[in-house]
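All chains, please: the whole structure from these sequences, using the hints.
Listed in order, the protein sequences are those of chains A and B. Just so we're aligned, residue 1 is where the first sequence starts under the working numbering, counting upward by one. Just so we're aligned, residue 1001 is where the second sequence starts under the working numbering, counting upward by one.
No wet-lab data here; the hints were simulated from the structure. Even glycine gets a Cβ: it sits at the ideal position worked out from N, Cα and C. Hints may contain errors.
Unchecked claim - Stretches of chain A that chain B covers, calculated by requiring three or more beta carbons in the stretch to come under 8 angstroms of a beta carbon on chain B: (1) 35-47; (2) 105-115.
To be verified - A few chain B residues that face chain A, going by a derived Cβ cut-off under 10 angstroms, partial list only: (3) Tyr1036; (4) Gly1041; (5) Gly1043; (6) Ser1093; (7) Lys1101; (8) Ile1103; (9) Phe1104; (10) Ser1109; (11) Ile1113; (12) Pro1114.
Given next are the chains, with one letter for each unit.
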Amino acid sequence: EPEVTQTPSHQVTQMGQEVILRCVPISNHLYFYWYRQILGQKVEFLVSFYNNEISEKSEIFDDQFSVERPDGSNFTLKIRSTKLEDSAMYFCAPGVRVPQNTEAFFGQGTRLTVV
Amino acid sequence: GDSVTQMEGPVTLSEEAFLTINCTYTATGYPSLFWYVQYPGEGLQLLLKATKADDKGSNKGFEATYRKETTSFHLEKGSVQVSDSAVYFCALSTRETSYDKVIFGPGTSLSVIP
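Set out below in structure tokens:
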């Protein structure tokens, strides 16, 4: 049973369009992370979100990106004006704190293709 | 900053061969260590983990031992199968890292041929 569901599984969008990627956790997680994986490359941290605010973001997470939890359950990543180089797999990972660390449960990802 | 290094791929092995994928890390504090696997066209799955020195994580015939003295977490499997063909990512998470984000290595692609 997956801890998180991501929708859509695949989205194709035109350059300059806005996209919203959604993440629905099964449990009531407090921590959320978004990661990006450009095809064939490493998995890169984008942003962490705790207690309804951004706790850390990477250099990749510029003004074109935003995250929110609109209804207290779903967790979204918005890209305002997509660029070709935004084409990637985007993974949502809710997390729970255990004594040693936070365990992140990765979703199946959304494949974003910008054309 | 914290980082993970793993051996370059791709790695090609015959079925039933022994697998080792090397992984070393640099971290402040005491990280937890993970191996994730990504099968073709799929997402990231946690394969195994170890949370303290000398712990051995194991799953599906894969093993990795947390070696603090050598800052390593090498992945091993005694006899690989075609179905093990995937990309393997070594990763760490540390309580000292802001909000415990997971830091990934570059990944090692494994192809197992019959």
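Hints versus structure:
1. 35-47: Held - the region 35-47 of chain A has 6 residues with a Cβ nearer than 8 angstroms to chain B, which meets the minimum of three.
2. 105-115: This one holds; 5 residues, not fewer than the three required, reach chain B with a Cβ under 8 angstroms.
3. Tyr1036: Holds: closest Cβ of chain A sits about 7 angstroms from Tyr1036(B), inside 10 angstroms.
4. Gly1041: holds, 9 angstroms
5. Gly1043: holds, 4 angstroms
6. Ser1093: At about 5 angstroms, which falls below the 10 angstroms cut-off, the nearest Cβ of chain A leaves the hint on Ser1093(B) intact, so it holds.
7. Lys1101: holds, 5 angstroms
8. Ile1103: Holds - the Cβ of Ile1103(B) comes within 10 angstroms of chain A, reaching about 7 angstroms at its closest.
9. Phe1104: holds, 4 angstroms
10. Ser1109: Result: holds, 9 angstroms to nearest chain A Cβ.
11. Ile1113: violated, 20 angstroms
12. Pro1114: violated, 24 angstroms
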